[in-house]
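> For what it's worth, full-length UniProt numbering labels the leading residue of the sequence shown as 1, then goes sequentially.
Just so you know, these hints were derived from the structure itself, not from any lab.
We put the CB at the ideal spot given by N, CA and C, even for glycine.
Be careful, since some hints might not be right.
Subject to a maximum C-alpha distance of 20 Å in a straight line, what follows is the list of computed SDA-like cross-link-like pairs (lysine to any residue) [to be verified]:
1. K174 with G209
2. K338 with L154
3. K174 with H285
4. K94 with L126
5. K66 with L42
6. K58 with Y81
7. K94 with I124
8. K184 with I24
9. K58 with L100
10. K139 with I124
11. K94 with L80
12. K183 with G248
13. K330 with L162
14. K66 with T35
15. K58 with L42
16. K174 with I195
17. K60 with N97
18. K60 with L42
19. K95 with P67
20. K273 with D138
21. K63 with S43
22. K62 with L80
23. K58 with F85
24. K58 with I91
25. K62 with Y81
26. K63 with L80
27. K184 with G23
Derived CB-CB ranges, DEER-like [what the hints assert, rightly or not]:
28. Y214 with P67: 46 to 56 Å
29. T304 with S122: 50 to 60 Å
30. K305 with T219: 31 to 41 Å
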Amino acid sequence: MKVEKIVNRYIVNINNGQKNTAGIKAKQDIADILTNNGYQQLSFRISKSRLVKLLSTKSKIKKVLKPVHTGDVLFVQYPLYSRYFLRRMQIAAKKKNIKLVGIIHDVEFLRNYLNDEEKSESEIALFNNFDILIAHNDKMIEAMKSRGVTTRMLPLEVFDYLSESDLISPSLDKELLFAGNLKKAPFLDSWNLDININLYGVFPSNSYGRHVHYQGVKTPDELPEFLDGSFGLVWDGDRLETSSGVYGEYTRYNNPHKVSLYLSSGLPVIVWKSAAIATFIQENHLGLVVENLESLPKLVNQLTKSGYDEICSNVRKQALLLRKGHYTLKAAELAITKLNVSR
Numbered sequence: 001m002k003v004e005k006i007v008n009r010y011i012v013n014i015n016n017g018q019k020n021t022a023g024i025k026a027k028q029d030i031a032d033i034l035t036n037n038g039y040q041q042l043s044f045r046i047s048k049s050r051l052v053k054l055l056s057t058k059s060k061i062k063k064v065l066k067p068v069h070t071g072d073v074l075f076v077q078y079p080l081y082s083r084y085f086l087r088r089m090q091i092a093a094k095k096k097n098i099k100l101v102g103i104i105h106d107v108e109f110l111r112n113y114l115n116d117e118e119k120s121e122s123e124i125a126l127f128n129n130f131d132i133l134i135a136h137n138d139k140m141i142e143a144m145k146s147r148g149v150t151t152r153m154l155p156l157e158v159f160d161y162l163s164e165s166d167l168i169s170p171s172l173d174k175e176l177l178f179a180g181n182l183k184k185a186p187f188l189d190s191w192n193l194d195i196n197i198n199l200y201g202v203f204p205s206n207s208y209g210r211h212v213h214y215q216g217v218k219t220p221d222e223l224p225e226f227l228d229g230s231f232g233l234v235w236d237g238d239r240l241e242t243s244s245g246v247y248g249e250y251t252r253y254n255n256p257h258k259v260s261l262y263l264s265s266g267l268p269v270i271v272w273k274s275a276a277i278a279t280f281i282q283e284n285h286l287g288l289v290v291e292n293l294e295s296l297p298k299l300v301n302q303l304t305k306s307g308y309d310e311i312c313s314n315v316r317k318q319a320l321l322l323r324k325g326h327y328t329l330k331a332a333e334l335a336i337t338k339l340n341v342s343r
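Please construct the entire structure, taking both the sequences and the accompanying hints into account.
Following this line, the structure appears as C-alpha cells:
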C-alpha cells in the first residue's frame with residue numbers, strides 16, 4: 001500500500017527590530033494567524049549592518065530552509081527586508097523543489113517605481129519566481145498581469161487584523177476619525193468641512209483648521225481602544241476634491257491596512273469611490289463610498305439612524321472574521337489547493 005507523504009506548511013517571519021508600525025502589524029498578524037492554525041513558523045533576526053546582512057545571507061537561508069523538504073509549501077511575505085536575500089531564497093527553494101507562495105503587502109511598480117523601469121522589471125522578476133501569489137484584490141491582480149507578472153494569483157480580499165480590544169459602539173454623531181502617517185495626508189491642512197475629525201498618528205501639521213483635532217500617537221495594538229466616532233476615514237490622496245498623488249492613485253490597487261483597523265474595531269468606513277477596496281465595502285455594506293471629501297457633510301447628514309445601525313451591524317460581523325484571520329486562512333488554503341498539494 002502506498003503511503004502518502006505528509007506535506008508541511010511553513011511561514012517565514014523576519015524580525016528586523018522594528019515595531020509599532022502598521023506594516024509590521026500586518027506581517028506579524030499573518031504569521032500569527034498561520035502559526036496558530038498549524039503552519040510552522042521559521043523565525044530569525046536580521047542585523048542592522050548592511051555588510052553583515054550580505055555576508056550572512058547564505059548561512060541564514062540554509063538555516064531557514066533546513067527543516068523544509070521537497071514538496072513542502074513555504075509562505076513568504078513580500079516585500080522581504082532584502083531583494084537580494086529573497087532572490088537567493090527563491091533559488092535555494094527551487095533546488096529543493098519547495099513550493100513558494102508569496103503574500104503581497106505592497107507592489108512598488110504600482111507606487112514608487114512608476115518611472116523606474118529597471119526596478120519595476122526587477123520586482124516583476126521576483127514575483128515570477130513564486131509558484132503562486134496572494135495579491136490584495138482582483139484589481140491589483142489585473143494591474144500586475146498587465147505589467148508582465150505571469151505567476152498564478154488569487155485575491156486576499158481584505159487584510160485581517162488581530163485584536164483583543166472590545167468592539168466599540170459607534171454612534172451617528174457626525175464625527176470622523178483618521179489614523180496614519182499624517183505627513184502623507186496633506187489634504188487635512190485644507191479641511192474646511194463642517195464636520196469634526198479626530199487624528200491619530202505621527203508628524204501632525206501645525207496648520208490644521210478648527211474642525212481638525214489631533215489626539216496623539218498610539219501603536220497599532222493600542223489604537224482600537226481609542227477609536228471613537230461615526231466613521232473611520234480612508235483617504236490617501238493629497239486633496240479634498242479627489243484621491244490624487246502617488247499614494248492616492250495607489251489605492252486604485254491596494255487594500256489599505258487602516259480599513260482593517262477600523263472594521264476590526266467595529267467602526268464603519270469612508271473610502272474613495274475609485275479605490276479597489278470600495279468594491280468590498282459596497283458589497284458588504286460597511287460604510288460610505290465617495291467621489292470627493294467635499295460631499296461628506298451632506299452624505300453623513302442624509303444618513304438615517306436605521307441605515308447607520310444596519311451598517312454597524314454588518315461591520316460587527318466583519319470584525320469577528322478579521323479578528324480570527326478568516327481571509328488569510330481562506331487565501332492560504334486556496335493557494336495550497338491550486339498547487340495540488342495534499343496534507
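> Work down the list of hints and note, for each, if the structure agrees.
How the hints compare with the structure:
no.: 1; hint: K174 with G209; result: 17 Å, holds
no.: 2; hint: K338 with L154; result: 10 Å, holds
no.: 3; hint: K174 with H285; result: 19 Å, holds
no.: 4; hint: K94 with L126; result: 13 Å, holds
no.: 5; hint: K66 with L42; result: 10 Å, holds
no.: 6; hint: K58 with Y81; result: 15 Å, holds
no.: 7; hint: K94 with I124; result: 18 Å, holds
no.: 8; hint: K184 with I24; result: 18 Å, holds
no.: 9; hint: K58 with L100; result: 18 Å, holds
no.: 10; hint: K139 with I124; result: 17 Å, holds
no.: 11; hint: K94 with L80; result: 18 Å, holds
no.: 12; hint: K183 with G248; result: 13 Å, holds
no.: 13; hint: K330 with L162; result: 16 Å, holds
no.: 14; hint: K66 with T35; result: 18 Å, holds
no.: 15; hint: K58 with L42; result: 16 Å, holds
no.: 16; hint: K174 with I195; result: 6 Å, holds
no.: 17; hint: K60 with N97; result: 19 Å, holds
no.: 18; hint: K60 with L42; result: 11 Å, holds
no.: 19; hint: K95 with P67; result: 14 Å, holds
no.: 20; hint: K273 with D138; result: 16 Å, holds
no.: 21; hint: K63 with S43; result: 10 Å, holds
no.: 22; hint: K62 with L80; result: 17 Å, holds
no.: 23; hint: K58 with F85; result: 8 Å, holds
no.: 24; hint: K58 with I91; result: 11 Å, holds
no.: 25; hint: K62 with Y81; result: 17 Å, holds
no.: 26; hint: K63 with L80; result: 17 Å, holds
no.: 27; hint: K184 with G23; result: 15 Å, holds
no.: 28; hint: Y214 with P67: 46 to 56 Å; result: 48 Å, holds
no.: 29; hint: T304 with S122: 50 to 60 Å; result: 52 Å, holds
no.: 30; hint: K305 with T219: 31 to 41 Å; result: 33 Å, holds
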